[in-house]
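For reference, the chains in residue letters:
Number of protein chains: 2
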Amino acid sequence: MDWMTELRNMLGEHRVTDNLTTREQHSKDESYHPPHLPDVVVFPESRDEVIQVMKFADRHQIPVTPFGVGSSLEGHVIPSKGGISLDLQQMNRILEIRPEDFQVRVQPGVTRTQLNQQLKKYGLFYPVDPGADATIGGMVATNASGTTSVRYGVTRDQVLELEVVLADGRVLQTGSGAAKSSSGYHLPGLFVGSEGTLGVFTEIRLKVCGIPESILSARAVFPGIRPAVRAAQSILSAGIPVARLELVDSRAIQQVNHYNHAEYPEQPTLFLEFHGNPAGLKQDADFAGQLAENEGCEDFHFETNSLARAQLWEARHHLAYSFVHGTPGKQQMVTDVCVPLSALAASLEYARQLIDASHLDGAVFGHIGDGNFHALLMIDPTDEADVQAANQIHHQLVEHALAEGGTCTGEHGVGSGKIAYQRKEHGPAYDVMREIKQLLDPKAILNPGKMFDEK
Amino acid sequence: MDWMTELRNMLGEHRVTDNLTTREQHSKDESYHPPHLPDVVVFPESRDEVIQVMKFADRHQIPVTPFGVGSSLEGHVIPSKGGISLDLQQMNRILEIRPEDFQVRVQPGVTRTQLNQQLKKYGLFYPVDPGADATIGGMVATNASGTTSVRYGVTRDQVLELEVVLADGRVLQTGSGAAKSSSGYHLPGLFVGSEGTLGVFTEIRLKVCGIPESILSARAVFPGIRPAVRAAQSILSAGIPVARLELVDSRAIQQVNHYNHAEYPEQPTLFLEFHGNPAGLKQDADFAGQLAENEGCEDFHFETNSLARAQLWEARHHLAYSFVHGTPGKQQMVTDVCVPLSALAASLEYARQLIDASHLDGAVFGHIGDGNFHALLMIDPTDEADVQAANQIHHQLVEHALAEGGTCTGEHGVGSGKIAYQRKEHGPAYDVMREIKQLLDPKAILNPGKMFDEK
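Protein chains in written order, with the working numbering: chain A, 1109 to 1563; chain B, 1109 to 1563.
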């Protein structure tokens, strides 16, 4: 009996497929990384089935690559050594909403918007917003963050407890239902961001927040990137608890104008959001506007009404979309460095210069309250010159970020795209990471080819 | 040549001492745990000297127990197997303050107030406030938190980068200067809270915050513990970003009145603090006051002036002091469970009942925005009946907290006092913790006797 038949007998015919279309869907993500087919796609419906699959894979030494919705930007879900693509989308139940405790317990296949729709009924929301409608499991695997992290923190900050199936089928329950703990080593924080290389998440307990009483959005137009960054720094220095603080460069605004027939000033623009009570918001926004003006802001505009707020942020929301859909035949390649704030302005300008000096089109934008920014480059992945130019820009931005004491990835994760920089970024700590990987996955069956280079 | 002579030749006479007084100072902490003398106290002044000591200890298999100011409440710094007490107080330099980056780099022996005094000049502060003037190294080792964590998070949330000397003298630099990262396994989070069992910290990079524009303090008196907790929950549910949210029970207020000749209403009392802009604070405090009144609050009083604020919080600040100094011949034994908020009121009442049913005197108070509370019990550690009664209360509170999905320690750490509950709290995850300990400290020389039971 071959191993696929054994799997089918174990889980049932309809949850183990080697159908080519399904395998192709599970061979890629939203990145430029080359697809690779899994041998089989498996759809477990419970923790016990995940245990069965892992014990089976351990016995046969078959690679297992967890899959959510495939929104990774660094090749995480590409089964680069074949084997099993473990699709967790059937495990998409919200198991518990505990409003009094500000926490929820979910299966890994629950998506962000699915969760927020349910939470809304209780006046709660899950604050991490990476843009994509990713699964919670995927967000935990990459330690996703995004526009709100300047105020609410990253995914790791929200994870209270994890149920994890290890490579050999052992199950850990790690963390607790308490809001904080000093008991034992912090294993939840180790599993968050482990990108499917240490275990498969089967349950996740998250902190959630009360929906703020009032929200105010603002847009501030600047004569250049430097004054925009200085304004952002002044706002943070003043202790204004801004909930989102985004920078979009002029090329991006231009593309949004072109694609949406809009007429935003084609200049570096800050998009801000404030959460709180009406009086406080008004004072925060007025103060922020004043600080922005001190740095040369030419137009500071804010709105509280939810429709007007959405319109105000339109250029930020449609940014990636207007490039991806406005440049047919091209795909996005997105860099993701994060630097100390004092190095941010120079890094952003450097990114712009690198794009301008190349033959590629692209924008620079970012979550600048965290020092995290992206160069979005439009490439034809089959055109060697495009790929080479994009890789070169990526390489120079990472080298620059590391020289400034930053990181090669602020939120997208290592996957296969950042492996080359792990040794340089982490030094001897990379050896310790590898030792931990070997400790928990001695047969290297969990998402092989990610995070670690072949020795 | 005996090993102490070898150490003296290595570091110099004056930094290696077996003087009894010094050894006695390093044999104990602020807890009720029985002292144990180190064989020698070593005062390194640099990372390189810590490396030398660890290589030496590794070669001779000598236990090493790091020591800060000895403010531990769980026996962390007691060298329970003798060997070297590694006193890091000479490594007390603030290496770098980077206001633009909202970060500092310090040596482990820097104390919390030392750091805040320097930060003040830049309009910054380090937000974690455990009460004691602990060293930063000690706070990182126990993942300390305290009164402000409901707003600013725990120590682990502030640590950007760590320099760690491992048991064999290897040095890791882990983390980065970026505010967030998704690069590699999160080793900083693993070392935070490792209580000296995985490595010795030699440099720590921390996030710091802008001092808020305005601060408002409030005190709210309630007819019972339940309405006080309900009011706290309403305030959190409303999304009011309260910066401190403390509960003190009536026995504690009584003791403060007695010791300070004060006349506070001897009822359960909430102490609150709000950080923000004046208009927002006023609205937040008014709203909080209204929510408190809805739950039966009999007196809600607030102040913005800093002297009046200090007076308002006096009963909270003098709580432990008024017991410790008001009960000559007794020592404090402090429990530290943390539970989901929905279990908090019942847990607090249970703690009060257990104290009342015993022959011990004590108070119940806590950081109730996090669900973390303490029973402060006054005992004579040489009186077996006292110790037994205190241990019994402690045991029952931990069992209760674990049954509610909480943790045996919210902020004080495991040390030697919570080892007995690790297996029950963590299950198979405790095995993984032990495997990580063995991976990084195979000879078990780093703070032996803490966190793990003897196998």
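Warning: the hint list may mix true and false statements.
Derived pair list, reagent style BS3-like, types lysine-lysine, alpha-carbon separation capped at 27 Å [said to hold, decoys possible]:
| no. | chain 1 | residue 1 | chain 2 | residue 2 |
| --- | --- | --- | --- | --- |
| 1 | A | K1438 | A | K1390 |
| 2 | B | K1315 | A | K1532 |
| 3 | A | K1390 | A | K1136 |
| 4 | A | K1163 | B | K1545 |
| 5 | A | K1163 | A | K1532 |
| 6 | A | K1315 | B | K1532 |
| 7 | B | K1532 | A | K1545 |
| 8 | B | K1163 | B | K1545 |
Hints listed in this document are in silico derivations from the structure and should not be mistaken for laboratory results.
Outcome of the hint check:
Proposed proximity of K1438(A) and K1390(A) is contradicted: the alpha carbons are some 43 Å apart, above 27 Å. For the hint linking K1315(B) to K1532(A), the alpha-carbon distance of about 23 Å falls within 27 Å, and the restraint holds. Our distance criterion of 27 Å between C-alpha atoms is broken by K1390(A) and K1136(A), whose separation comes to about 46 Å. With a C-alpha separation of about 26 Å, the suggested pairing of K1163(A) with K1545(B) holds against the 27 Å cut-off.
In summary, the hint linking K1163(A) to K1532(A) is not supported, as the alpha carbons are separated by about 35 Å, beyond the 27 Å threshold. Between K1315(A) and K1532(B), the direct Cα distance comes to roughly 23 Å. Compliance with the 27 Å bound is thereby established for this hinted pair. The hinted pair formed by K1532(B) and K1545(A) meets the criterion: a straight-line CA distance of about 26 Å does not exceed 27 Å. Of the supplied pair hints, the one linking K1163(B) and K1545(B) holds, its CA atoms being roughly 18 Å apart against a limit of 27 Å.
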